[in-house]
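2 protein chains.
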Amino acid sequence: MNKEIVKYIKAHEDEMLSVWMEEMKKNSDERSINILSNQVFYNTSKEFIDLVVSNILDTDEKFNEKINSFAENIVALGWPLTFITIGLRKLKEIIYGKMTSEREYTVEQINKLMVDLDLWMNPINDQMIETYSATWERTVSLQKIAL
Amino acid sequence: MNKEIVKYIKAHEDEMLSVWMEEMKKNSDERSINILSNQVFYNTSKEFIDLVVSNILDTDEKFNEKINSFAENIVALGWPLTFITIGLRKLKEIIYGKMTSEREYTVEQINKLMVDLDLWMNPINDQMIETYSATWERTVSLQKIAL
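So the protein sequences, as listed, match chains A and B.
Residue numbers for the first sequence follow our numbering, beginning at 1001 and rising by one.
Residue numbers for the second sequence follow our numbering, beginning at 1001 and rising by one.
Chain A on its own, in the form it takes in the complex (with noise of 0.2 Å):
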């Protein structure tokens, strides 16, 4: 099931990146992306995406390693850890819109659907947050050790 999402990602991934841009925009604060110039938004939100699709296509090793260089930018971006977290939500809410709307669904297969999006999804979510905060534990355990 998950490589049928992953394949509709992929036949639908201009059309999702810009819908999820636009989404994201709207819940942007002054802290994230109005600073940043589109080409960086771009990039990153493009990067982002990607990353949500390696957690099925690549190794395990291959993902950890994407994750934590995504978050270090992140964090260097100066953007909040809800960005990521928001903007993982959202883009399941599109996936789940999207591909709802396109054919009827039974109850049963909705409740597959929306399992294997979050048995997808929320792995990757707890990932980022272990992979954000650990970049703040360690600068507030470097700063110690300074002081």
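Misleading hints may appear alongside valid ones.
Restricting the straight-line Cα-Cα distance to at most 25 Å, the calculated cross-link-like pairs of lysine to aspartate or glutamate (DMTMM-like) are [unchecked claim]:
no., chain 1, residue 1, chain 2, residue 2
1, B, Lys-1025, A, Asp-1126
2, A, Lys-1090, B, Asp-1126
3, A, Lys-1144, B, Glu-1130
4, B, Lys-1046, B, Asp-1126
5, A, Lys-1025, B, Glu-1093
6, A, Lys-1090, B, Glu-1013
7, B, Lys-1144, A, Glu-1137
8, B, Lys-1090, A, Glu-1130
9, B, Lys-1098, A, Asp-1116
10, A, Lys-1092, B, Glu-1093
11, B, Lys-1092, A, Glu-1130
12, B, Lys-1112, A, Glu-1108
13, B, Lys-1112, A, Glu-1137
14, A, Lys-1098, B, Asp-1118
15, A, Lys-1026, B, Glu-1130
16, A, Lys-1003, B, Glu-1093
17, A, Lys-1112, B, Glu-1093
18, A, Lys-1026, B, Glu-1004
19, B, Lys-1025, A, Glu-1102
20, B, Lys-1003, A, Glu-1093
21, B, Lys-1026, A, Asp-1118
22, A, Lys-1025, B, Glu-1137
23, A, Lys-1098, B, Glu-1108
24, A, Lys-1046, B, Glu-1013
25, A, Lys-1026, B, Asp-1126
26, A, Lys-1092, B, Asp-1118
27, B, Lys-1112, A, Asp-1060
28, B, Lys-1025, A, Glu-1022
29, A, Lys-1112, B, Asp-1116
30, A, Lys-1090, B, Asp-1118
Taking CB as the label site, the calculated pair distances span [as the list claims (entries may be wrong)]:
no., chain 1, residue 1, chain 2, residue 2, range
31, A, Lys-1010, B, Glu-1013, 40 to 48 Å
32, A, Arg-1103, B, Lys-1010, 16 to 24 Å
33, B, Asn-1064, A, Val-1075, 24 to 32 Å
Keep in mind the hints are simulated off the structure, nothing from the lab.
Quick caveat: nothing in here was measured; it's all calculated off a predicted structure.
The C-beta atom is built at its ideal place from N, Cα and C for all residues, glycine as well.
Given the structure of chain A, go ahead and fit chain B onto it with the hints provided.
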């Protein structure tokens, strides 16, 4: 609809609390609940469920007060942020699972229940992350001043 969900939770509070605590124990790591006494774990879990319900029953002011105090407690207990975010998700899954197992839902009703649960839980999730992140940011800037 939210009032209906709250009524449902209130009527099954003890049962939900105990299912939720079991689920959270399964998901704990060495940093979190294993090092807490059962009493502290029970009290904090109860406070957590009350907080989530408070989002609907109390005023915004009262809720903000509760969420700030809860986030500070969590940081002081040394619980990771994922404990809260996973906790919210588990609670949603428990409520959804119990409600949909008790009577037949149509596709439209299932979608409505999901949307209502999300509209309720998502802002709590975001605010928890914001409040938790803010305590880290405060620590980092206090340390910077001291350096």
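Hint check results:
no., hint, in the structure
1, Lys-1025(B) with Asp-1126(A), "17 Å, holds"
2, Lys-1090(A) with Asp-1126(B), "13 Å, holds"
3, Lys-1144(A) with Glu-1130(B), "23 Å, holds"
4, Lys-1046(B) with Asp-1126(B), "20 Å, holds"
5, Lys-1025(A) with Glu-1093(B), "29 Å, violated"
6, Lys-1090(A) with Glu-1013(B), "30 Å, violated"
7, Lys-1144(B) with Glu-1137(A), "14 Å, holds"
8, Lys-1090(B) with Glu-1130(A), "18 Å, holds"
9, Lys-1098(B) with Asp-1116(A), "19 Å, holds"
10, Lys-1092(A) with Glu-1093(B), "16 Å, holds"
11, Lys-1092(B) with Glu-1130(A), "21 Å, holds"
12, Lys-1112(B) with Glu-1108(A), "16 Å, holds"
13, Lys-1112(B) with Glu-1137(A), "39 Å, violated"
14, Lys-1098(A) with Asp-1118(B), "18 Å, holds"
15, Lys-1026(A) with Glu-1130(B), "18 Å, holds"
16, Lys-1003(A) with Glu-1093(B), "24 Å, holds"
17, Lys-1112(A) with Glu-1093(B), "14 Å, holds"
18, Lys-1026(A) with Glu-1004(B), "30 Å, violated"
19, Lys-1025(B) with Glu-1102(A), "40 Å, violated"
20, Lys-1003(B) with Glu-1093(A), "24 Å, holds"
21, Lys-1026(B) with Asp-1118(A), "18 Å, holds"
22, Lys-1025(A) with Glu-1137(B), "24 Å, holds"
23, Lys-1098(A) with Glu-1108(B), "16 Å, holds"
24, Lys-1046(A) with Glu-1013(B), "43 Å, violated"
25, Lys-1026(A) with Asp-1126(B), "16 Å, holds"
26, Lys-1092(A) with Asp-1118(B), "12 Å, holds"
27, Lys-1112(B) with Asp-1060(A), "35 Å, violated"
28, Lys-1025(B) with Glu-1022(A), "39 Å, violated"
29, Lys-1112(A) with Asp-1116(B), "19 Å, holds"
30, Lys-1090(A) with Asp-1118(B), "11 Å, holds"
31, Lys-1010(A) with Glu-1013(B): 40 to 48 Å, "44 Å, holds"
32, Arg-1103(A) with Lys-1010(B): 16 to 24 Å, "38 Å, violated"
33, Asn-1064(B) with Val-1075(A): 24 to 32 Å, "26 Å, holds"
Hint compliance for this structure: hints 5, 6, 13, 18, 19, 24, 27, 28, 32 are not met, and every other hint is.
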